[in-house]
Amino acid sequence: MLMKSGGKIMSAEEYRESLRSYSPTVYVDGDLIESVADEPRLAPGIRAVGVTYDFAQKPEFGGVMLADQASSGKTVNRMLHINRHSEDLLSKLEAVRLLCRESGCAQRYLTHDALNAIYQSTWRMADETSGSEYHSRFLDYLHDIQDRDLTLGVAMTDAKGERRLRPHAQSNPDAYVHISERRADGIVLSGTKAIVTGGPYMHELLVMPCRTMVAGDTDFAVCCAVPIDAKGLTVVARPAGRPGQAAAKFSAQYGQSTAVCHFSEVFVPWDRVFMAGEWDQTEHLVTSYANHHRHSCIGARAGFGDLLIGAGALMTDANGLDMDDVSHLRETMVELIKIVEGFYACGVAASVYGVQDPCGSWMPEPVFSNIGKLLLATQIYDMHRTAHEVSGGLIVALPGPDEDHNPATAGDLAAVLSARPDVPYDKRMEVSRFIEDLTASSTGGWYSVISLHGGGSPQAMKREIYRRYPVEERKALVERLLDRGVAETGSTGAPDRQKQPGQCCATGCQVPESVEEPRQDSDS
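Residue numbers (this note's numbering): 3 to 526.
Incorrect hints may have been included.
[What the hints assert, rightly or not] Restricting the straight-line Cα-Cα distance to at most 30 Å, the calculated cross-link-like pairs of lysine-lysine (DSSO-like) are: (1) 10 / 76; (2) 10 / 340; (3) 340 / 464; (4) 464 / 477; (5) 162 / 233; (6) 60 / 76; (7) 464 / 162; (8) 233 / 340; (9) 464 / 429.
[To be verified] Here are the in silico distance ranges between beta carbons for each label pair: (10) 218 / 475: 20 to 30 Å; (11) 459 / 171: 47 to 57 Å; (12) 282 / 248: 52 to 62 Å; (13) 246 / 165: 31 to 41 Å; (14) 33 / 475: 36 to 46 Å.
Hints were generated in silico from the structure; no laboratory data involved.
A virtual CB, placed ideally from N, CA and C, is assigned to each residue, including glycine.
I would like the entire structure built from these sequences, with the hints used as guidance.
So this is what it looks like as structure tokens:
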């Protein structure tokens, strides 16, 4: 599919073939991988990312999977787009749900989240520190990867070492990725990123700080782009999903690899460096990324919820039951629907009430975004439980797939484990193993953990919600209703927050004239 003003949007097959032009150092299960594109243990992850490419080729998904990049005028994949208004946020949310209801976890939305955060932060650095080169470099990089339709991994979570110590105080400095050398032509990186989603089959990595830094952490305040096959970069990964396992009805097809990425004297030229020592800018970058990513996670886990809802309903049918007639199954299904659509509604609210950044791009409203992510993080286990209640115990009691073809047992199993005459034994077994794969296997446990900790732990979200929620305004509301305000602060020592509206000055509050700001649709 050709893009406006040149360029190309790749298909899934073209994405897989593009990986052949890279020669990364990747280990899986202790084996050095000769070709990432041909490695069976990584194939489910490559297929999952491929969905983001193939869906962008489908005309019926064009409204959510494609977007026009304002700074270049080109049509790009939604996963590479810089948000320009609240409609973009809603389209991104819908796109991620669409992708993840097909693939479980599309992975590429991390690329979108990091690009949007770095866009905001480099603009801010240019505005506040006269570091205009960072933003101009990033714009050049952004347009390049959009033209090539690349997938970028986010190398954010460091190994961290001893948790109570700051990065600069670690006995082993490689517990965090840091600048080990500054040269006229670029910087040199060393250290370890411990959790990189899809690491082996990314085109490049976006290195980002994982926490707010202090003055002593200058060398650890770094953001840059590194090709996956950069000299000195070693990727140690786990298989994507459960490839080759007959019982893995879903995760043998789609999965996600996570990787530890070790940087050993990796050179990065200046044109790919977007932060190099500006420790006082790290909080903005980290929190901006967290907000974008938590918003995306809402869409991702809603897509996963769609799979559970559909599988639970199908399993009920295969069990010979009708939810219209069995009230407790119907109520349990409604509980699952309530959970999924409840946190998704927070994502919609975060989109509708999106906030325009000073740079002109838009980000999700942070309170709704964090609440939605907190809900899904803590209720993922309830999603599994309700799916189990609807589906019954056969999902873990069923013998393995080999018994389906064992002449000594297959006939007996088909006879006794069929629940209704119009649903063959093998169809009931397939949906049963599908639910087991998603909720009661190592894949199910993996979905639980990434839901709980992906994008930050629940405690991180609670801190952000409390920090941003207008508690004082709510407090002032009740104080006003209770008539606790005072006319003059000076004589009573009452804090300003206890003043009622109209009592802040001798003449009372004046309504300011409404000034409508022009909408900034440009990314530059």
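Now for the hints, and whether the structure bears them out:
1. 10 / 76: 10 Å, holds
2. 10 / 340: Violated, because 40 Å separates the two Cα atoms, which is more than 30 Å.
3. 340 / 464: 22 Å, holds
4. 464 / 477: 19 Å, holds
5. 162 / 233: Answer holds: residue 162 to residue 233 is near 23 Å, not above 30 Å.
6. 60 / 76: 18 Å, holds
7. 464 / 162: 22 Å, holds
8. 233 / 340: This hinted pair is violated, its Cα atoms lying about 49 Å apart.
9. 464 / 429: 43 Å, violated
10. 218 / 475: 20 to 30 Å: 37 Å, violated
11. 459 / 171: 47 to 57 Å: 22 Å, violated
12. 282 / 248: 52 to 62 Å: Given range 52 to 62 Å: holds, Cβ gap about 54 Å.
13. 246 / 165: 31 to 41 Å: 37 Å, holds
14. 33 / 475: 36 to 46 Å: 58 Å, violated
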